[in-house]
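J.: Going down the list, the sequences are from chains X and S. Per my numbering, the first sequence starts with residue 5, numbered consecutively. Per my numbering, the second sequence starts with residue 30, numbered consecutively.
Please note: incorrect hints may appear among the correct ones.
[As the list claims (entries may be wrong)] Computed cross-link-like contacts, DSS-like style, restricted to lysine-lysine with a CA-CA straight-line distance of at most 27 Å: (1) S:K405 / S:K76; (2) S:K405 / S:K292; (3) S:K76 / X:K63; (4) X:K63 / S:K388; (5) S:K338 / S:K388; (6) S:K338 / X:K63; (7) X:K63 / X:K11.
It should be emphasised that the hints constitute simulated quantities derived from the structure, not laboratory data.
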Amino acid sequence: MTTYYTKSHEWIRLDGQEATVGITTHASEELGELVFVEAKDEGTEVAAGDAAAVVESVKAASDIYAPVAGTVSGFNDRLSDEPTLVGSDPEGEGWIFRMTVSNPEEVTSLLTREQYDAL
Amino acid sequence: MSDTLQQTPLFALHGELGARMVPFAGYAMPLQYPAGLMAEHVHTRTKAGLFDVSHMGQIRIAAKSGDVRDAALALESLVPANYAGLPANRQRYGLLTNDQGGILDDLMVANMGHDLLVVVNASCKEADAERIEAALSDRCVVTRQFDRALLALQGPASEAALAPLCSAAAAMRFMDMIETHIADIPVTLSRSGYTGEDGYEIGCAAEDGERLARLLLAQPDVMPIGLGARDSLRLEAGLCLYGNDIDTTTTPIEASLGWAIQKIRREGGEREGGYPGAEHVLRQAREGAARQRVGLMAEGRAPVRGGAKLFADAQGSREVGVVTSGAFGPTVQAPVAMGYVETAYAAVDTALFAELRGKFVPVHVRATPFVAPGFKR
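All chains, please: the whole structure from these sequences, using the hints.
T.: Next comes the structure, spelled out in structure tokens:
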């Protein structure tokens, strides 16, 4: 399973047509501690770049965008009670939502880790 | 950071402490330190936090007659508060009003015995000083002290932190203000603040600012706190932020700040009215205003932020107000907010709905402050 990255600091990990999405360590450090995380309802269709989730710090709300087109298929329920998990393990246990991607090939248009780190 | 931003006397210290700096009211100010907003908020509520508020304006008003009461009476022509009756070494909140009764700024005024010391908001300080000079300069000497340092030490451990440095601090009551020394530094010291906690505001010469801050930070339980936590602290304390919760379009009555107008300045009082917009404010005080500022708490954990519209029904068909400040309250562990609603919806416990990303989430009007105040009466 390869992980791809967006310029807007999301990551996406693809397993067949199912993908897990979260925010990068860099993004979580910029946002600070989170107090609330919410994703679009399961079954919501999203285009690449659509807001698919929102994370809120004490100060501000930030949209999390769908890296590719697809359908939201789940939310990391642990974040309902423990939103700070995003900050402590953003690229692992702190994943935010799952989606069924429309076209798995689309991820290859995203950034590799090396390309993201070079931003 | 743009080089057009002004710097407070503590600018270099903020850098050394690892602050994340942001532009605020024309100054480069610390948003937060490495501990982070949440930890800084909790530390202030449980121990003591040190804030740099040097960007705020300090103005001295001395009567040409030499009698501080004359300066107080002169200031009463701009502010609907009882300053002539304010005893020496006491401080009182007030509001500068315009001809419509709108709020130009909120301020703190202290009777220093020989003159008045006024503290105003950073974004308003030039305009405030001009307004005060224009109205008072025939009777008073108005001196801008915009280069001085101002620190706020806030939280239950503040008194213990100051005690070894200043023998007079512990005996002060809430809203006392004196001229004294901290270590060997001459300061103005008030027992006040804007976090809902016990604490002090300390003014000193710019060149002493950094040394004073270091002395305070060296005390047990004192940590530097940024503007981010200051905002969530004042919101939990139910205190207005000028420019968000009060401005030229809101009157003292609409803003639920009628308590800042003492009886002597109200209808039938000995010095009734006599400030800009008084006829509007007096009429609203008598007849009630069409809208009112209220505290709000949302169900769930999602913060309802400034700008969110408020509705009487879950379908969003009857708009009755707007949120002016909102955040997740780290002490309350729930979303807290304030805003304006039509007066019919202003009673505590009224159920309303806030528009949040296209949904209508239940909120209730709640009494403020959201946290019990820690003032030393």
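J.: In ascending order, which of the hints set out earlier in this document are inconsistent with the structure?
T.: none
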